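> Listed below are the residues making up each chain.
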Amino acid sequence: MKKVIVVGNGMVGYKFCEKFIAKASKEEFKLIVFGEEPRPAYDRVHLSEYFQNQDAKALELAPANWYSDNDIELISNERVTDIHRKSKTITTSSDESYEYDYLVLATGSLPFVPPIEGVEKEGVFVYRTIEDLEGMMAYADMLKAKKPDAKAAVLGGGLLGLEAAKAVMDMGLEPHVVEFAQKLMPRQLDLRSSKVLQVKLESLGINIHLNKATNQILGDRAIEAMEFGEDDKLDVDMLVISAGIRPRDELGKTCGLDMGVRGGITVNNKMQTSDPEIFAIGEVALYNHMIYGLVAPGYEMADVAVEQILGNEEALMSSDIDMSTKLKLIGVDVASFGEPFMPAEKGHSILFENKTKYLYKRINVSHDGKTLLGGILVGDAADYNILHQMYLNGIPLPENAEDLILGTRADGGSVFGSVMDLPDAAQICSCESVSKGDICSTITSGECNNVSEVMSCTKAGTGCGGCKPMVSDLVNETLKSLGKEVKETICDHFNYTRQELFGIIKVKKLTTFYEVLDACGEGDGCETCKPLVASIFASLYNDTANKEDVIQDSNDKFLANIQRNGTYSVVPRIPGGEITPQKLIVIGQVGEKYNLYTKITGGQRIDLFGAQLNDLPAIWKELIDAGFESGHAYGKSLRTVKSCVGSTWCRYGMDESVSFAIDLENRYKGLRSPHKLKGGVSGCIRECAEARGKDFGVIAVEGGWNLYVCGNGGATPKHALLLAEQIDNETCIKYLDRFLMYYIRTAAPLMRTAAWLDKLEGGIEQLKSIVIDDSLNLAEELEKDMQGLVDAYECEWTQVIEREELQSRFKHFINSDEKDDNIVFVPMRDQIMPEPWTSN
Amino acid sequence: MDTILTGLQPAFQPDQVSVWFKAAKVSDFPKNGGACVKYKDKQIAVYYFERRNQWYACQNACPHKLEMVLSRGMIGDEKGIPKIACPMHKKTFSLVTGENLNGDLDAISIYPVKVEDNFVYIGFSE
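Protein chains in written order, with our numbering: chain A, 1246 to 2085; chain B, 2 to 127.
The reader is advised that the hints may include incorrect statements.
Pairwise CB distance ranges, derived in the manner of DEER restraints [as the list claims (entries may be wrong)]:
{"id": "1", "chain 1": "B", "residue 1": "26", "chain 2": "A", "residue 2": "1859", "range": "16 to 22 Å"}
{"id": "2", "chain 1": "B", "residue 1": "27", "chain 2": "A", "residue 2": "1826", "range": "46 to 52 Å"}
{"id": "3", "chain 1": "A", "residue 1": "1786", "chain 2": "B", "residue 2": "102", "range": "28 to 34 Å"}
{"id": "4", "chain 1": "A", "residue 1": "1753", "chain 2": "B", "residue 2": "102", "range": "29 to 35 Å"}
A partial selection of chain B residues facing chain A, derived with a Cβ cut-off under 7 Å [claimed, not checked]:
{"id": "5", "residue": "34"}
{"id": "6", "residue": "37"}
{"id": "7", "residue": "70"}
{"id": "8", "residue": "88"}
Worth flagging that the hints you see were computed from the coordinates, not collected in a lab.
Keep in mind it's a predicted model, so treat the numbers as computed, not measured.
Using N, Cα and C, we set each Cβ at its ideal position, and we do this for glycine too.
So that you can see chain B by itself, here it is in the shape it has in the complex (with noise of 0.2 Å):
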């Protein structure tokens, strides 16, 4: 389990980002859904809000029991905040800042997007 919270970071802005990976096609990724990216040893999930065409990037370990299943999870917003609600016990985190929405668990990172030339982009900063 130490590998996979050290593997994580604080959220950041996206002009910290020094890498923009490449993970993979618009197309391939669900719409209004989630999708697990891999990146080196890291699990990213991400997220497409089609209908707000936004697209979010966090964490795949839920920080409850640190499994990596919150790209399995579903989306929606709470006034407004769009969030995310993991499979296991329907624990919610905003995307937008990575706070616990309906407990105190910790926050989970969020990476910026971006998305070019059909492209997805994730960024890091390493």
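Just chain A, with the same shape it has in the complex (with noise of 0.2 Å):
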């Protein structure tokens, strides 16, 4: 048997192992793996993920069992500290030997840290393993408990640095990025370019120092500040390096392999250094006089690295490296792909700029026209897999190249085409050398059925992830030319879209889980499907959740939002924000009788937290008595229609936006829907009730109001779009209850109702068409379904307090009156919080 040894684990040594097993016979080879640091390989291109999450196993390559599953002994936490050629055995940090056949070199690289004056200085950290993470993350929150406004700097501006200067910003620190060079990221941006990108980062509030050399690093122990020159400094309290790498190359200087001048081990195209037993692969290997820092050369090396040892002499590494990259740093599009800097006697350039929307295209094209060869893209990079594949295919271009950076300006399909087009040899996946043809024959064989399967079987998009969208059309345009359908089903146990699933449930008129069960599904339901189904039944007949408990969804079920530590928030509603002194009074007699912590939402109502499920019935009798009803804050379900004071008090006011916004809140109150709603109604232009940040808006203008549907705040805020101008109270009524019917119906699962939009063919003007022209005839059945649910409505916590049997679920023990007496609260700000977790 022949014995390999990796030396490094990182996530090119882990791919030579993956690629290797799949190869090699078991009964032939021995492989054994070492890894200095204390955990397998892992992600480390998604390693600022990490500071988001937490997570290191999300980051995992794969499950530390994997390497015993395969018969690879992996030794972590060991670093190889000589080789000896002549006996062809390795010596470890605990003085132990092996003796190898062939030896693996993937030791990668290590941040380049320049020599200044005070780099030791503690506050100053690199950015490179996920122990450097959390050493950054335990500083940082050092600082901040001293110093709100600390600041943080990073030293070099390229694509790692600004990924560092996200982090830092990510930890509530104000982030510099000193960059040595004129430009942010000069590798892959032109000037042009990189400005754009720089204003853009600035917006999100990073700051940029640009041409500035580092001589000294100032502070007693700790950083205080860099020092640039003389009366140039940035006072900082931490200090983040990232200023290139430098190969892990001393195990080939010490054993006598070829080296390059500036460092990096020399191979030939077969991966073999100057001792033909020995390979190097990833960031250690020097290749045409280059150490290539990104993955897609590293795994290419890698499956290289592997054929050679099995005796496929004719696999080499290609001689033209590809260096295109997408990235998305800080939100922002970033790609660059072939030539991105091409000069002037190999072709021309064609340019797009636009600094106001932080957008910069350019493309680089033959003399002739005729061939693409490179280009940047920043702001805006969602054209990039296929204008990388034009390149690499070596596609023609249209007539008017300038389209595929400005799009078609006549009218007519895409200027690209579809992605059906590509040979079946272009290069999807380029991490994995994944080609179009091995895509499409998994589907075509039958082998696999789905994104997922395809992902799995040919490993297309488990690299960097940024050709999944490509992957995934060409999954869904292969299966749809074999005449499958495609669609998103709800989950194992129903075979149907939601909106399918809606529409059988309306025309068979079924109305309990089992009833839907029995009709089309099979099994007996999960959290996915009942609380959908229970969405449905109160779309369509305006059941409470109390009509079948057991279906609904964590909060719905107890009429109240469960919080940290199992107790339950307390929502009465407050219709337009409107409340008088008395029912304030109410409010907070409640509150102190129950002990509840009380804060004001952002809804303008008030929220009750701490509420033992004992005490819930007791509550909201009193607050019942006092003339509240639930606020349905628990439910995918309509919260508050917010407002501005309006012109009953406002001396800018053009009309009542309060009693416009309580007619409105009062009319859909309770109603449920895939998502929950939110409305606002503004008395003029000024928008103080922020009526375009909700599912829908209304604003007075001169000559009635102006109708906004589809904004939402949230993660990914959007503004509402103008549906109708100039309507009165009436119109504005009959145009929501059709667009809220209509979005009701239709919308997937969860899904408020901008993603809904962005979704409907035709977008706006079709919804407009839909709601206003009534172009697909259904105007009048929308209105009065809604009609229907407007008057079935019934306050669901008056359900529960009227009916004493609905009342048996909110006991925490069915067999004792005791509350759960492991429920702790600690003091904060003269009221309670629960105690912090502990765990996980």
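Both chains are sitting in their own frames, so use the hints and assemble them into the complex.
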């Protein structure tokens, strides 16, 4: 049996193992892997995600048992210290010795730390490993505790440096980027595009300092400032160095392999070093006088080394290495492909720049205008994949090459045609070298039936993930060409979309979950389909959540929002945010009596937190006796219609926004929908009610109301779009009935109105024609359905208080009246909060 | 939190039961839903799958954040395996083996259940 030793368990080392076990016979070869980090290989490309979720598992390339399951001996936390080429052995930091037949060096690189005076001070970090990131996070927490406006600088404005700037910004520090060159991302971007990126990043609050050479790091023990020159310094409390990489080539040096002048172990196109039994791959390998810091070439090197060791001498590294990249930096698309900076003797460039929208696009075309040589995209890289394919496959350019970055300005289809027009050999996933033919054939052969199966079968899209949209398009188009339907079904229990199920339930007049399961589903149901069916019942019949409480989502089941410690919050409805002093007093009394934490919400009402399950009916009885009703804050349903004070008090008001907001909130209260709904009414265009940030917003203008739809705040804020202008109250309600009912019928589960409009073919113009011009001949039916729901409204908390048999679910124990005694509150600013979580 | 953890025990078989605790009448339990039973200082979640006419019981604490909430979750099946989804973050657990079906949390403890004379009993081995 031959022994192969891999030194290094980073992404490329891991890829070598994966490819090796797929091709080599276990009887012939034994694979031993050394990693000096405490954990097995992880995805360093997506390291900044660790900051958001702190989930090291999510970054794992394979779980620890993957190695043993595949008979690979993984030795973590152990560094290889010496190679003895004569005896073909290596020794490790714990003085163990291992023999090899083939040795693969995948030691990667280390961050380059420039020799600046003071670089050893506390608070100076590099950005490379999970441990580095954890160190930065701990230091940032310590800083913020002492100094709320602490600043952090990143030395280096390259790709990794900007990632690091995002990380420090997310840690709550004021971010600064210090770059030696005159532009950001000097290796990928030209001066103009770099400027566009800079303006965008500055608008996001990142401070950029260019043309700065750091002479010294100042501070007593910890860093306090960076000095660039006389009288030129920047006060900072933390510094992250991201000034490039240096190959970890010391093993090669000490055992006498051929090295590059500036480091790196020299390899030939078989990935062999000057010792034919020793291979080097990834960032330690110097190939074509270059170190390649990207994943894709590293993976290709791993593949070549595997083939060479297995005796396939024809597998050689390509001579031209594609350095194209696309990434999302701090939410900004940046891509470059082929020859981004092209000398004038090779061709011409076509440029488009719009700094106000932070957009820059450049393509380089040959002198005859027939082939694409490369390009740069900043701000919008949606077309990167297809442009990259055109470049790689030499696809002829359209007559007006500028259409590629400007879009066709005449009527008619896309400039690019369909993904299906690409040749079969087109490489779709460059990380894993998967071609269009590879992807499509798994579908046509019947081996795979959907995107996730194709991804696990071909590995396409599992590297950087940039090609996923293309993979998904190819899969769907191929399925379609085979006459197979592509749809998003609800779950294993129902082979239908929500819209289809909505139709079935409506036509067959089904009213319980088991009727629906018997009619068109299977099994017992689950946490996905049960609440979905409950929501459809509510939208069709306005059933309250009391009717079949066991199929309701967590919060609907108990008509309250479950909080961190298993207690609940209580939100009575306060339509339009208008409330009498007397009612405010009642809320205060209830809060005091049941020891509830009280907070004003963003929707102009009051949230009472910390109610125990057993107390909910008593709390609500007191509120209902005082004239309140459920606020449905727990449901996928209408929350609030926010208002400004309007013309009744405001000297600028054009109309009574409070009165109209109250009317609208009372009309649609209790309305269940695919996702929560929020509304707003502003009395003038100053828009104090932020109505355009809502699913529906109404703004008073000269001559009536303007109606806007499909906006939202939250993670992806979107302004609502104008649906109708200068309409009166009745027309506004009529249009809203139609719009809301059409959304409720056709949206996918948990899809808010903005996302729904994005998917609606024809967009807002199509919605206008349905709602205003009644192009689908549905208006009357939609209005009638909505009126039915409005008429059927009942406050579900009032139902519970009036009907004792509905109260049994509000008990923590079935066999005792005691409350849950594990709940612990701790004081906070004169009120209470749940004890912090200690685990996970 | 220590008391919650030490109160738990590994899954065991009905023949190891030393105490059958008479919890409540069958009619007290919701159909196709869950309820929480108090036994000494333990909290046990009990579920009734009406259509299969099957009963299951498990610890009430979700191993994710150790809150006493599993009885308030939603039941269902995954490829035929009866399961419970925690109301907090929708972590799902097999009611047969206790294993976490959509993650790698620790398995929950499962307890045997029997019904006699319209009463529900939960088995403990102490």
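> Decide, hint by hint, whether the structure agrees.
Taking the hints in turn, this is what the structure says about them:
1. Evaluation of the 16 to 22 Å hint for residue 26 of chain B and residue 1859 of chain A yields a pass: the beta carbon distance comes to about 20 Å.
2. A beta carbon spacing of about 50 Å between residue 27 of chain B and residue 1826 of chain A agrees with the range 46 to 52 Å that was offered as a hint.
3. Checked against the hint of 28 to 34 Å, the C-beta distance between residue 1786 of chain A and residue 102 of chain B comes to roughly 33 Å, which is consistent with it.
4. As the Cβ distance of residue 1753 of chain A to residue 102 of chain B is approximately 32 Å, the hint placing it in 29 to 35 Å holds.
5. The beta carbon of residue 34 of chain B is positioned within 7 Å of a beta carbon in chain A (closest approach about 4 Å), and the interface hint is therefore held.
6. Interface hint at residue 37 of chain B: satisfied, since its Cβ lies 5 Å from the closest Cβ of chain A, which is below the 7 Å cut-off.
7. Hint status for residue 70 of chain B: holds, given a least beta-carbon distance of 5 Å to chain A, under 7 Å.
8. For the restraint placing residue 88 of chain B at the interface with chain A, the shortest Cβ-Cβ distance is roughly 3 Å, inside the 7 Å limit, so the hint holds.
Hint compliance for this structure: every hint is met.
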